[in-house]
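Colleague: Each chain, letter by letter, is given below.
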Amino acid sequence: MLGRTLQEVSAALKQGQITPVELCQKCLSLIKKTKFLNAYITISEEVALKQAEESEKRYKKGHSLGALDGIPVAVKDNFSTSGIETTCASNMLKGYVPPYNATVVQRLLDQGAVLMGKTNLDEFAMGSGSTDGVFGPVKNPWSYSKQYREKRKQKSHGENEDSNWLITGGSSGGSAAAVSAFTCFAALGSDTGGSTRNPAAHCGIVGFKPSYGLVSRHGLIPLVNSMDVPGILTRCVDDAATVLGVLAGHDPKDSTTIQDPGKPFMLSSLTDVSKLCIGIPKEYLVPELSSEVRSFWSKAANLFESEGAKVIEVSLPHTSYSIVCYHVLCTSEVASNMARFDGLEYGHRCDIDVSTEAMYAATRREGFNDVVRGRILAGNFFLLKENYANYFIKAQKVRRLIANDFVNVFNSGVDVLLTPTTLSEAVPYLEFIKEDNRTRSAQDDIFTQAVNMAGLPAVSVPVALSNQGLPVGLQFIGRAFCDQQLLTVAKWFEKQVQFPVIHLQELMDDCSSVFEIEKLASVSLKQ
Amino acid sequence: MAAPMLRGCCLGRCWALACIDSSSRHGRGAATGFTSSGKRGQSFVAQQPLLTAQKSRKGEHKWAAVVGLEIHAQIASNSKLFSGSQVHFAAPPNSLVSFFDASLPGTLPVLNRRCVEAAVMTGLALNCHINKKSLFDRKHYFYADLPAGYQITQQRLPIAVNGSLAYSVCVGKKWRQVITKTVRIKQIQLEQDSGKSLHDELRSQTLIDLNRAGVGLLEVVLEPDMSCGEEAATAVRELQLILQALGTSQANMAEGQLRVDANISVHHPGEPLGVRTEVKNLNSARFLARAIDYEIQRQINELENGCEILNETRSFDYKLGFMPEPNLPPLLLYDTASLPAGADPQQVINIDRIQEQLPELPSETREKLIQQYGILPEHSFALLNEVGLLEFFQNVIKETRAEPKKVTSWVLNIFLGFLKQRNLAVNESPVTPSVLAELLNLLDRKVISSAAAKQVFEELWRSKGKTPSQIVSERKLELMQDEEALERVCHAVMEGHPQVVMDTKRGNPRAINKLIGLVRKVTHNRADPTVIKEILEKQLSS
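Chains as they are written, first to last, in UniProt numbering: chain A, 1 to 527; chain B, 1 to 542.
Bound conformation, chain B alone:
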């Protein structure tokens, strides 16, 4: 039922396409993009020259930017918000379309309990007030991928309101200082996703895929409490982690499960807010911060040049308003106190029960990591930033005697570095936690040197199935335990490099390092540098 349709309508809304092309090639783009963003994180207002009018005639005037976000998160549920159709990403076009999704006349919406529970859980996790009564509305606009001609949403009375989201920005030298900021959450509403329009320029037609039409969305509205792209991106990243921890959304930006609209304005501090513009369908983390900052700069430039900021309204906004959805009665929720006696548990939702089921949130997890392992705050962020990394880390910890700090360093620097280089996810790594744990044990017992450990790690990556011990013995990477043999090597090296020995004796502090390096080279990195140094010093002074 791919209805071929004519071109020419969807000018302002190519997000169906955008979400496909933006990051499909980089499967894990979302997570990696955010990791780096956290490191750079600085508040523009305080530290970046961007917001200062560089060529302003009134140079003392600084600009402040105000950023608010509307975030659409696809609810992780088996079926759609109002129909029994299944929800899958990348299913064959129009294979997941019920009569209701195709808006066949006479069909009616039936609310999916799972979606309501997901909204309540998300609301609770974001410190929202849960409305015991919420309403559904129709929002009208004509789009080929919106078959009914309206979207069912919650405009008048949404399910959750007045929450907050705390996120942390790392600042200062080496981003060692973590500042926690809070953005207010205006509301969370349940609404339907639209289908997708695929524009075939060549044949000048539009193809419609309704698989996504009617999938449940949580629209999370963040108040304009952010001041730059970095803050917005970090807040979105934190929300993403929370949704994933709750399991209420997979929140994978690459698959369009998390989409962000930003509204942006600039003004002089102390003066009224400026005219805002919207940057829509930011469905890639890489572009989120950049697009917002670009728009901030654009607005500043416009204003500096004496121009006005025009609020270009969305192209699909025909000023056609909302109407109550008459086919859905008010959504009533209960708590234990208000639960009607003898109510069928299948027919009612108890907010208190959902509160009890709330899992550990990312902020709590980080706090625990810091307490339990004594790791740095920024490392706790890094561990949570990559899907599966924390679990990997914890599994390594379980099986190794190495210090948590050592494990952290290996997991975050070497292991993660390898993954990033190869664009792999944690669960795609050929090195399992127990293998890494074994390697770290060898290192800890000083069986191998740190350099040899890195060599083993590289080898593990290439030859799957081998244990670190196997590689160590095959490659003869054990540290030389035979001190006499090492003394002989040191002696031979000194004999062979009288000039360096002379330099050392004359007090050149670097010269001994050269000798150590030479010894290591001869021993194929199998000698412990500290031991080498001891021997050399002994021999030099004798």
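Same shape as in the complex, but just chain A:
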């Protein structure tokens, strides 16, 4: 049951094959068993069970609320959740319990979704590995998959297995791991430069970044306001569309959401791709791209072509400026956004009371990690009066050029762009931390970040396993607010590639088995 998609389990709930409380309990027990993955910062067990009971009552009365009623979901710990601690994986917000729900959280709850907990991330979502949070790194469930372990056994012997676990990617690694390890059916991430799509690719699931302005940011603790978008992580494209249908639409609390009334996103099954034009941006073929990912990318292009789509090479000439441009804009907004964390109204406050300035300084030194402090420092440098025109204004202009690259390509008749999501499959933690956060983020965001500059929708879809038995994802980028068209194409592609299900037997050998749970489920169903 836990291995099913959201749509499947929703159907099972409707048919009474399982009740919301049973489903919730199963997920809770798996969350506990997979605790070593460190996917969750807070498990909201009591709240979840209560919500599941409410849902169960609705099902019994025959007025369930919709596709999400009774469905266990998880939320990245940078979304405000009323009454539930929201930490951003930072000392600064340890113990901070928001008095309100983020709009996206509220919309999930209004549809009867059951909130299992808050998922781990890089501190304040600054990172691409989910390794730099105060609660420790998230472990990629694929580290414990049968597929990966078998490949490793063939290659190397006698190595310490435990120390070779893989990163999830980030910064929404907790959400990706939670969905990938079957502890929930959908999770919210956030996506500022690829933070939803990157871990989705590494964890073998679908990671969707909606168009900027389609989904409310109210209650999302910001990284870069002008690029942040709540992201959706699910096991298949249809599920992402279902969740999007619930989240999308104008929010009076977020002035950057579009005014058009939201409509449900029902994806048709595309049978004919011959009218599609797929663009392959030539600038995305970089030397750092692993040959395996490159070959999956080209196979995917061939697939479209063989099915009759028009596949053309396109140019996004300003791509190479994206990283440095992002660095300036991101750190500047970070410096501004982080100014509110002064220890006065909420969050951490140090014991130093010599003066207000000393209190500010010590509070912020204790509260933020090096990555956050480094970005604040850089951002304040760019925002200095004497630097503003040379850095911030220029970066904004470059951003416009990058956005225009996409506009030009889409105006030339391209419907969807096809690119890699990441340079390679997930790497072991020990490998990953050889580089600092900044270098890593710059490398890992290379295919995903320009999309945020332009506010476009993009989705990472798992394609296949690498030689190492690890998932590889490819990214589709669509026109602004053509999220539905984008997902329709992604759904077609998903169906063609038939990405394998993760086999977590070894994981379960350590902690008991998914299949045991499955058995229990069927037993309980019989009773």
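Just so you know, the hints here were simulated from the structure itself, not pulled from any lab data.
Glycine included, every Cβ here is placed at the ideal spot set by N, Cα and C.
DEER-style ranges, computed between Cβ atoms:
| hint | chain 1 | residue 1 | chain 2 | residue 2 | range |
| --- | --- | --- | --- | --- | --- |
| 1 | A | G66 | B | H129 | 45 to 53 Å |
| 2 | A | P252 | B | H129 | 26 to 34 Å |
| 3 | A | P252 | B | K398 | 46 to 54 Å |
| 4 | B | G84 | A | S268 | 36 to 44 Å |
| 5 | B | Q347 | A | V286 | 39 to 47 Å |
| 6 | A | E305 | B | L332 | 40 to 48 Å |
Covered stretches of chain A, going by a simulated chain B footprint (3 or more residues, C-beta under 8 Å):
| hint | region |
| --- | --- |
| 7 | 221-233 |
| 8 | 251-258 |
| 9 | 342-349 |
Position chain B against the provided structure of chain A, taking the given hints into account.
Modeller: For chain B alone, kept in the frame of chain A given last:
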């Protein structure tokens, strides 16, 4: 959620405190201060010796002062600029604070339509160009009463620009000559107010009250077109009246709804402008003119003594700049021509509609008063200077047959004098317009003398609820209508004061006044002096 905070940070900015202590004891300080300032009004450059270098070695060198103003007016609106919190003065601390006002992470600004309309209306009233597209920016500085660490303002592209404000200064003997001056308005921008820091020296802590944090402000930037404190104060007073007429701000300085920063420099005419300094948070009218003039004099003295003027930058200016506010899209306004077809009226603001709704401005009101009642220009200023006085005046006029000039004199001299003495506002007066009108009618019909009328007025002040007629009859203040009786009194007085009668007959012009006074005294002021004089003259010549 009064967050105790440590002392030691807010050195340069005590305005939260200043606005409380400056004039809270004198509720109407703002208005009264300005009334007198208008009377003294003279341009320093032309008439005051202040700007002349008195002990200068180059005595021929005159100094000219250049004064510009930044005025912050709190917008009169039910809720704050970007949040739904209510706006009230003197509410319990931290009782009007939304999640956004406390800068809880994840909260976003939502622009208050009323504040935008107030800005547009003010811009139109001040002859500004209204920008159909304006932008919001963050201005960064660390202050405990600025919870987000930045203020949302309009630095790059404000809502209104290039306006003007006309104000009048009375000059000449008896300030009978009214000169109209104009100051250019650089821009009007929408921005957030900060909270208040209360420094508890005793316990060495700072208490934060966020009730005011996020209240909408109109920052009106006046170009340095003024040359002394008097001009600045008068311009501010005119702006205050305009804001009050529009209803876009209550503009009560005592409650901090109108706060003024001045930038000041001096130079020799014809030479480049001098280094300017800032005098901040002038939130009392009494101090505005004085502080500016003091600073002008200080700068002159410094320069006379061969010193330099140092521009002491604001203590909170960390040179951290501005950044676009990413959570607010550009603010777009329309006029009837550009209004998109089928636009939801709730979602758009039509500048032309606001133009149509503009009320009568103070300058127009004054002009009307002069035309309608034939009163003097300076009286038209005086009538508008006090809250509610004009309405009082007009209500009296409606109900009395007395001449408008008589009414003006009574309202501005006697009535206002009584109020000032007792530090009362017009609406606190125990004498209502209809009561005063009745009194003036009695005077007009010559039922009572002018002196008796003043006596009645005083009595009205003490014994609320009595009508002037009641007081007149109780105190027997009616003018003596019985001429024979008056003749008898006059005769008796003359009999009793032969020396004065003699003086009068010898041609001492003052002597008859003495006789008149004596008669009035005997009649308890109930006789009309002109009638007395007639009788006396008749009797003296007989």
